[in-house]
Structure formats: structure tokens, C-alpha cells
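Residue numbers (this note's numbering), protein chains in the order written: chain R, 604 to 1021; chain F, 16 to 552.
Hints listed in this document are in silico derivations from the structure and should not be mistaken for laboratory results. A virtual CB, placed ideally from N, CA and C, is assigned to each residue, including glycine. Hints are supplied without guarantee of correctness; some may be wrong.
Residues from chain R shown here face chain F by an in silico Cβ test under 10 Å; the list is partial [as the list claims (entries may be wrong)]: (1) A640; (2) R645; (3) F651; (4) T853.
So the derived label-pair ranges between C-beta atoms look like this [what the hints assert, rightly or not]: (5) F:S363 to R:L884: 31 to 37 Å; (6) R:W693 to F:S100: 44 to 50 Å; (7) R:G834 to F:S441: 46 to 52 Å; (8) F:D341 to R:R726: 56 to 62 Å; (9) F:R417 to R:W693: 41 to 47 Å; (10) R:R692 to F:S441: 30 to 36 Å; (11) F:P463 to R:A644: 23 to 29 Å; (12) F:E465 to R:W693: 36 to 42 Å; (13) F:D366 to R:A921: 52 to 58 Å; (14) R:A644 to F:E204: 36 to 42 Å; (15) R:L884 to F:E440: 45 to 51 Å; (16) R:E982 to F:R393: 50 to 56 Å; (17) R:R1015 to F:K468: 32 to 38 Å; (18) R:E982 to F:A526: 18 to 24 Å.
Straight-line C-alpha distance at most 30 Å; calculated DSS-like pairs for lysine-lysine [as the list claims (entries may be wrong)]: (19) R:K955 to F:K319; (20) R:K920 to R:K1007; (21) R:K920 to R:K1013; (22) R:K971 to R:K1013; (23) R:K866 to R:K917; (24) F:K443 to F:K462; (25) R:K917 to R:K955; (26) F:K462 to R:K955; (27) R:K955 to F:K507; (28) R:K920 to R:K863; (29) R:K1001 to R:K1013; (30) R:K920 to F:K507.
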Amino acid sequence: MRKQRLALLACAVGVAVDACAAERFEAAALVDSFDFAHVTARGGRLLFDTETPQGNVAVLDHVLLTGANTILWRNCGGATMRYQSAEERWPFVEAPLDKRRLPDNRPVHGWLRYYEAAPDILRHILNECHERGLRAGVHWPFEETHWASWTFGAWNFEHPQYWGVTATGQVWSGRCSLAYPEVVSHKLRLADELLERGAEHIFIDTWRSGGWSPEYEYVRPELERWLRERGAGPLPDFRDPQWCAFVSETSHAFFVALRKRVKASGRKARLLIGISDVDALTDAPDATLLTRGVDWQRLVREEVVDGVVVMSVKWDKARAFESTREIYRSVVGACGGRCDVLFPVTMYDFTKRGIPSYQEATKQAADKVAGELLRIAWEEGADGICMECVDYRNYSEKTCAELKSALEGKSRFKRELR
Amino acid sequence: MTRCDLLQRWRRGGALALMALLAGLAAGCRSGGAFTCRCADVVALTTGAGNDTEAVWSPDGKRIAFQTDRSGDLDIAMLEMGSGSVSAVAEGPGHACYPSWTPDGGLVYTYGNHIGTAAQASSAGSDCGYGLQLWKAGLAQVLTQGYWRDYTPCVTADGSAIYYASTQGNTGNSASLWRLSLAKGAAAERVLHLDGGTAGAVQPSLSPDGSRLLWAQLDSFRQNWRLYAARATNLQEAVCLTPGEMSAYAPRWSPDGRLIAFTGFSRGDPSWGVYVMEPCSGALCRLDAGAGNSRSPAWAPDGKELVFENNRSGFYKLYRMRVVCDLAPTAATAAAPHPVACVEARLSVRDSDTRLIGADGSSVVVKRDGTNALTFVRPAGLDFGTNAFYVRVAMVVDAHERDTRIVAVGNYAEHVMGWQVFVRESGKLCFSARDPRGHYVGVESDKPVEAGKPVSVLGIRAGDGSLLMYVDGKLQGGRNAGATMSYGPALKVCLGQQWNGGMRLGGRVLAFECGRGHPAGVPRTLTREALFREVDQ
């Protein structure tokens, strides 16, 4: 509760207006400009040229219809950065200039070159958000490939010696292991690039892992550490909670290093972590630990992260909203005020946990479901909601109106600090 | 695998060259097995800033063409071996890359120049992707052009044709292999169709005698690049030459056709390295060319040296090294006999009597639940282990649904959805099996299935874990690999619904059979021995 006490104290000592204004209930929109790149009007005219500043401003305008007050702009597809990254630019990140990248053959999508666009896309859009008084940062998936060959990391291709390895000895360029200090350094340099461009929030989304998992962590440093700490003996299966917990030590160290780097930058920036498939918390290992090798509860306990963004929860179809509320309450309780907590109000439904699935379970319209999820989050003491991702018209006009109404009305401020 | 840990010598002065060579060849190598390679005398060919890559030796051995980014984008340049001077071949705006020599001293290369954004190009109806150009006597001629990507060309030894990778007509994250005859009026033809989520073939290399084609192939997102080879007259039947555990690409035949050099990385290697393979036995040798990544080897015309790129200086620069490989009579990898095809389960419908008939004549009676769906409990004979098997279904989809619908599923203790045939929400047909960790490995059809029209689907899990799919007898472009799960006895087979009763098909299964081996009438997977021995004889 340290954060809440500080906020209350701030109000009490005469800076009430500013401090309380800072406690606006947050509505974070994940924005992926790539998904707008092929939106056409009747007649086939493309609506958003996302390689230009004007095109991205148009994307931002569309996203803001939801009432979002925090923008988390996607900085990459896999490890192909969507700005002029020095770290992931060299030698060439374009297919077929690097022949190991099979090209994306979709019209428009397959010919985007965000990494060359000028002015720098990320710098421009973060600045645009700041000028509009929005909180702005990046949505950075915990992946080095996004399910397609052309998204594999250029840095990965240059450094096969750090690639992930399976228990059977198969190397894979889809993930370099954080067990190598060189890999951590590389990622911290990427964080520097984001901070330097003005990111106020670095949101590491472990939900999107691009196929990475503890399965690829049978690398030399981890095997040597295993031998030192656990002795000789058969290595556990990658699904074994022991192995996942073991791997999470390395992931944890990365987040600690990132925390230090953000702090050392001297910039006021939050470090957020995205988690998925969250259930009412018990002593059993959670899905994020078992599938991503990340112990988010420890990150919260040790105050390594400033916020937890819940991407999906395992609600019960028979008790959709009730079970959602129970899980939200459990997560807020577990975080104990040590960090911000954002809950999902998402039209994305590939997890079968989004608004369309709630609609199916409750027979309510999307706008009503969205309103109800926002209300539950607010009532349970969340710091805000997260909309994953706001694409072109995937939040209907009615849903946007419902969300805006709540965000400007009853849920304008966080519940505890009204 | 034969691993050679070879001495390398970096030298500056010419006098040291011979000493280094002798030392390297005489004493610096450890060999293993019947195939040994020795390398020595690594010499820098280019210096300075910028990356020099994709080098190829001219047929007369006097020049090396390569691509360079010294000016920012990629240009083609030429190195005179005698004088060491470098001159521009294709420079200026845009990228010129992947040079390949013609027998008469010309160069075929890829060229692309993208001005403006993708949206602007789309609106303007651009036809400027990456195309092939021919440079000869200082003049460039456009060979191919369209809003796709033609790249990594290889000119045949007689100069009559070019093999290359192309995305023309492809839809996924993919590339196919094409052939362009240089005869007047000839049209390019696709010779190996690969398409889908992530599947592609890149950098074809024709053997000096023109009989076999070699290329790098990526079969799926989770796989590594691997080398494949096939008879040049039939690329549909190909042999995978490199193990799935390693990454291998950029292959080139030696001038005598007995060796293949390529870029590779295996667990424990310090970096990308130049590998040499003896294709008949599959023996591999990693040449230690020094610190840094060593990539894209290409043979000198006499077969005694390789030119390659290495980044130990901070930039990729070109180097040459002498290579000697001893080809002791190889014990060819014993080709595993093809498993005999056998229909292990076949659907039989006679009036109200519906059964799954086994190979031995035994049968399992259907369990119905009042729908079109059929369930057969514990059918015998579907315990394929890691061997090849197939699933063949004839079916009709009445109407497409908004989500996935199951045509057939094999339910196993190892995985509840051990193998499946299903219809995606896109209307495309899929065949899937599993890898040893239980991951889904699947291929999908080139096009959506037509509603109301009978269609025949055949999915094959080959003995090496690769997947193929035929629709109405036509091999589909999708590929996948790594489906090597070992199948024990089937718990049940469901037709028209998922193993748990969900995802019901809006349609009917007209016929079904499942068996081991490759089914009759379908080309078998070519073996290494068949490909390399028979052509040599």
C-alpha cells in the first residue's frame, strides 16, 4: 500500500490537484500500426499510410476514440524494429536482402519498411502523444520473432552462439538466451533506444513470446548452473515446474537489470509487465511462469516492476463476470499496492477470454460487456484497464461511447482516491 | 557427423603463405571417419569500411564478383584477382545483390529500388519489387520484373537458364524456386512450389553436370534452414541433406560435383562457419576460418579454394582459403528400406452398418451420437511409432463455418489430437501431426475447399517427420517438418468431430483410410543413396 499512502500524503500536503489528477483511472491502448496498414475504404483506397507521420497521427486519432489516455505503441514485429534502430538495423533487416528471411508476400504489409521510414516513427509518435497530454510508451513483446521468418532478429542472425537450444540439442534462431550477458546487454541497448525516444512506459508483454519458452533454455550457461546448483542427474522436461522456476531466475535477473537501466537513464519511466492466463492466485505455479519462465509475482514482490498488465484471465463461462471479479480481486490483493494493476477490456479473442467470448457466455452486447469489465476493474481497485490491441473499428462506436462515458464519469479517477 | 577441427593460418606476407599452407595441410588437422578436409592460408581479399558479401568466382578464375554496402545500399562490385583492384558493376540508387556469373563473363543479379512508402507503391500500381538483371559488357538488361521478389540466381553451367528463388504468386511467408530459360521468348516457370505460413526455398545451385539441384529450405517457423537436393528434372522428390538440429544455408557445389560448401551452425560452434559436405554419405566438416562469422562460401573454378565472407574486422570482408578434402571411398548411408504401405483402417459403410476395417480383417463398430459424426474406439494398427503414415479422406463441406471444424482426428495417449485433418475458418484444409514435445506441426492447402463439392485429401507424415499434403491428387505448396512424435496404439478415431465431440464438421466424410508407409500412387521420399548413387553410375 506504499504507493497509495504516498499519493494520499501528496494530496494532504497541498498539491492535491496535481497529485490527484495523476491518479486518473488509466485506459491503456495497445497500438499496432502494422494492423492499420492495409485498411481500405470502399473503392480500395488505403486509409492509413503508416510509414508517414500523417498516417500514424490518423491511427492515433482513431485509437483515441476509445477514451484511451495511455498509448503503448508497438515498437517491433518480432525483433524487426519499427523505427530506425541502430541495434537491429545492421546489416539488413529486409527480406530478401538477408536471404534467411522468407518474405511476407501480402500486399502492402509485405513491403513496409518502418526501419527506414523518416522521420523516425517511434520518436515522432511518442512526441505527438506528449503534446496531446497523453501518457506514452512502447508495447514490447517478449519475443525475437513473431511467427514469421521475416521478423527474426537481425542481431540473432549475427550471433548464433547465443541461440536457444532444446533438450535434444536443436538450435533455433527464434530466441537468444538471456543466460548470456551479451544478450542482456543487447536488450538493454534496445531499451536505451526506446527511452531516448521518449518512452515513459516500457511494457514487456510476456504474452507474446514468439514461440520462446523454457523449452529453448538448455544452453551452456544454464546447464552449467544447473550442474552447480542441482548436481548431475537427468535434466527435467521443459514443462517441469522445477525447470521453469530455474529458468525464471535468469529472466528475473534480466528484469532487474532492465529496472536498473531505466533508473540510470534519469528518465521518469515505468516498467510494466504483461501476463496472461491469470487465474485466482494459489500456491501453484502460474501460467506465465510455466510457459514463459517469468515469475511475475516475484517481480512485484521485489518491486522490480511498476505495473502489471493482465492480458487475459481464466474466467468461468458459467459465472463469467463473477469469476472475473474474483480473479481481479485476487491479483489486486497479491500486488498489494506495490505496483499499478491494469485489467483487460479487449476485443481480441484468440485466447477465447476476450469480449466476444464474454458476449457468448453472457448473451450481452459488446458495449455492455466492455462497460461491465471496466466497472469490475475499477470496483476491485485496479489502476486501469488495457485494451489489446485497438485496431481499425474493432471497438465499435457503441463500445467506444460506453468506455468514454465511464472513463469521463464514474471511473475518471481510481476508486480509492476519489 | 564427422567434425574436423582444422588449423587456420592468417597471414599477411606472401612468404608465409606456403609455410602456413604446408603447416595447415600437413599437421594442423584432425580428421574423423572417411571424410577429412584441411584448410589453410586464409587471405583477406578486401579491406576497409563496408560489408562485402555474397562473393562468386568467375569461370576463368580471374575475378570475383560480390555485393557491397560501402555506399549505403547494396551495389555489385568486381575484384580483379591479379591486381587486387575493385571496380563497380552495378551501383547507384537501389539494391543490387546476389551476383551469379554467366559462362561468358556476364553477371546475373537481383535489383530492387523502392521509392516512397508501401502504400504509395500500392496506390500507384508499382511493378518494382526485386527482379533479375543481366550485366554484360557494361550494359544492364532487365530479365524479370514485377511486384514480387526474384533473388539468389544461379546460372546453369552452359548459360542456357537461370534458377532462382521467387515470391511470384506466393501468398504466405514463403518463396518458391523458378527457372528462366534464356532462350528468346521463353517464359519463367515455377519448378518447386512452396507456400504457406513459413515455407520457402532459396539459393538454388545446379550441379556442374546439370543433373541435380541443391537449395536451402525452411519448412516451418520452428525449424532451421536445411539443405535439400533433387534431380533437376523433378524437384518434388527431394532429399534433405542436413540434420534438423543445425542451421544450414547458402549451398554451392564444388566444380567437380563431389562436395557441397555451405554456411552452417551447430550447437557448440563459436559462430557461423563454412561447412563442407560429402553429399553421398552426408559427412560434414566445419572449416575453422578464424574468429567471427564465416559465411557464403563459393568455390574457385579449380575446386582448390573457397572465397567467403568473415566479419572479424568489424565488417564482413572477403577472404580466400585453400581447401583439400580427402574422399575415401564412402560407405554410403545405408538407405532405410521404404516401409511397405499398408491400409490399417478403412471406413466401410453398408446400409446401417458402419465400421472401421483393419488390415487383418478385424473391425470396430461405429459409436454414433445422433449426428453425422462417427467415433471408433481403439482401432488396431494405428501405432505407427516414428514411421511414415498417411491419412486419406474424401469429404464434402456443406458450408464454411467461422471457426475450425474437424474432418478426422486420431486420439492417442501421447496427444489427444495426435493427427488431424480439418477445415480452417479460412476454408483451407489442414493436415497436422505432432513433434516429440507435442507441438502442433501442420500443412494447409493452397486454396479454400469449395463448399458442396467432394474433395479428396491425403496427408502424409514421412519417416523423417516432414509433412506433405495432396488435394485431389495435387501436391500442395505447404511444407512442414519435425513431426516425429512416436505414436502408440490409437485410443480412438473420430470422423466429423473433435476427439471430445466438439468442432463438428458441417459436411460429410465420404471415405476414410489411414495406413502406414506411403500410399500407393504417391511418390516416395527420395533417399540420399538413390539420388547420388544412381546419377553417378
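Verification of the hints:
{"no.": "1", "hint": "A640", "in the structure": "holds (7 Å)"}
{"no.": "2", "hint": "R645", "in the structure": "violated (15 Å)"}
{"no.": "3", "hint": "F651", "in the structure": "holds (8 Å)"}
{"no.": "4", "hint": "T853", "in the structure": "violated (19 Å)"}
{"no.": "5", "hint": "F:S363 to R:L884: 31 to 37 Å", "in the structure": "violated (53 Å)"}
{"no.": "6", "hint": "R:W693 to F:S100: 44 to 50 Å", "in the structure": "violated (27 Å)"}
{"no.": "7", "hint": "R:G834 to F:S441: 46 to 52 Å", "in the structure": "holds (51 Å)"}
{"no.": "8", "hint": "F:D341 to R:R726: 56 to 62 Å", "in the structure": "holds (58 Å)"}
{"no.": "9", "hint": "F:R417 to R:W693: 41 to 47 Å", "in the structure": "holds (44 Å)"}
{"no.": "10", "hint": "R:R692 to F:S441: 30 to 36 Å", "in the structure": "holds (34 Å)"}
{"no.": "11", "hint": "F:P463 to R:A644: 23 to 29 Å", "in the structure": "holds (26 Å)"}
{"no.": "12", "hint": "F:E465 to R:W693: 36 to 42 Å", "in the structure": "violated (48 Å)"}
{"no.": "13", "hint": "F:D366 to R:A921: 52 to 58 Å", "in the structure": "violated (42 Å)"}
{"no.": "14", "hint": "R:A644 to F:E204: 36 to 42 Å", "in the structure": "holds (38 Å)"}
{"no.": "15", "hint": "R:L884 to F:E440: 45 to 51 Å", "in the structure": "violated (34 Å)"}
{"no.": "16", "hint": "R:E982 to F:R393: 50 to 56 Å", "in the structure": "holds (52 Å)"}
{"no.": "17", "hint": "R:R1015 to F:K468: 32 to 38 Å", "in the structure": "violated (57 Å)"}
{"no.": "18", "hint": "R:E982 to F:A526: 18 to 24 Å", "in the structure": "violated (57 Å)"}
{"no.": "19", "hint": "R:K955 to F:K319", "in the structure": "violated (60 Å)"}
{"no.": "20", "hint": "R:K920 to R:K1007", "in the structure": "holds (27 Å)"}
{"no.": "21", "hint": "R:K920 to R:K1013", "in the structure": "holds (28 Å)"}
{"no.": "22", "hint": "R:K971 to R:K1013", "in the structure": "holds (15 Å)"}
{"no.": "23", "hint": "R:K866 to R:K917", "in the structure": "violated (34 Å)"}
{"no.": "24", "hint": "F:K443 to F:K462", "in the structure": "holds (6 Å)"}
{"no.": "25", "hint": "R:K917 to R:K955", "in the structure": "holds (9 Å)"}
{"no.": "26", "hint": "F:K462 to R:K955", "in the structure": "holds (27 Å)"}
{"no.": "27", "hint": "R:K955 to F:K507", "in the structure": "holds (27 Å)"}
{"no.": "28", "hint": "R:K920 to R:K863", "in the structure": "violated (41 Å)"}
{"no.": "29", "hint": "R:K1001 to R:K1013", "in the structure": "holds (18 Å)"}
{"no.": "30", "hint": "R:K920 to F:K507", "in the structure": "holds (28 Å)"}
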